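*Asks:* Sequence:
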Amino acid sequence: MIGVECHSPLIALHHGTPTFYVRQPTDTCKGQMYRDIGADDWFFEVDETGGAQLWSRLEAIHKDPAAARAKVKSIMATVEARQKRMVKAVRETVRAS
1 MIGVECHSPL
11 IALHHGTPTF
21 YVRQPTDTCK
31 GQMYRDIGAD
41 DWFFEVDETG
51 GAQLWSRLEA
61 IHKDPAAARA
71 KVKSIMATVE
81 ARQKRMVKAV
91 RETVRAS
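Numbering (the working numbering), first residue to last: 1 to 97.
Take the hints with a grain of salt, since some may be wrong.
As the list claims (entries may be wrong) - Restraint ranges, calculated between C-beta atoms of paired labels, are given here: (1) A52 - V94: 15 to 21 Å; (2) R35 - M1: 15 to 21 Å; (3) R82 - D41: 43 to 49 Å; (4) P65 - T93: 40 to 46 Å.
As the list claims (entries may be wrong) - Keeping only pairs whose Cα atoms sit at most 30 Å apart, straight-line, the calculated DSSO-like set for lysine-lysine is: (5) K30 - K88; (6) K84 - K30; (7) K84 - K73; (8) K63 - K88; (9) K30 - K73; (10) K63 - K84; (11) K63 - K73; (12) K71 - K30; (13) K71 - K84.
Read the hints as simulated data drawn from the structure, not as lab findings. Bear in mind that the values here come from a model prediction, so they are computed numbers and not experimental data. Backbone N, C-alpha and C fix where the C-beta goes; we use that ideal spot for every residue, glycine too.
Based on the sequences and whatever the hints tell you, model everything.
*Replies:* Below you can see the structure in the form of structure tokens.
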């Protein structure tokens, strides 16, 4: 899945689908989350990326879909670990109030 809107690629990752996010200059800092979760290889700045670069990453997924699915699982494990830490911190803060 290739998206130019930041939420669709996140939804695709949640469903186990390898995805690229092509960030627009108007998207502010939202693209940072892709680096934070380990998806930086699948994150592109639209004004710094050409077709050849996109194709080389897409071709790698096409040639080894199992590796791409493993990468998605790794990314989602990072997301889930961060979500658990966040929920724990919120619970502790609420209980301390």
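*Asks:* It remains to establish, for every hint, whether it holds in the given structure.
*Replies:* Hint by hint, here is what the structure shows:
{"no.": "1", "hint": "A52 - V94: 15 to 21 Å", "verdict": "violated, 50 Å"}
{"no.": "2", "hint": "R35 - M1: 15 to 21 Å", "verdict": "holds, 19 Å"}
{"no.": "3", "hint": "R82 - D41: 43 to 49 Å", "verdict": "violated, 19 Å"}
{"no.": "4", "hint": "P65 - T93: 40 to 46 Å", "verdict": "holds, 42 Å"}
{"no.": "5", "hint": "K30 - K88", "verdict": "holds, 24 Å"}
{"no.": "6", "hint": "K84 - K30", "verdict": "holds, 21 Å"}
{"no.": "7", "hint": "K84 - K73", "verdict": "holds, 16 Å"}
{"no.": "8", "hint": "K63 - K88", "verdict": "violated, 40 Å"}
{"no.": "9", "hint": "K30 - K73", "verdict": "holds, 21 Å"}
{"no.": "10", "hint": "K63 - K84", "verdict": "violated, 34 Å"}
{"no.": "11", "hint": "K63 - K73", "verdict": "holds, 18 Å"}
{"no.": "12", "hint": "K71 - K30", "verdict": "holds, 21 Å"}
{"no.": "13", "hint": "K71 - K84", "verdict": "holds, 20 Å"}
Comparing the model with each numbered hint stated earlier shows that hints 1, 3, 8 and 10 do not hold.
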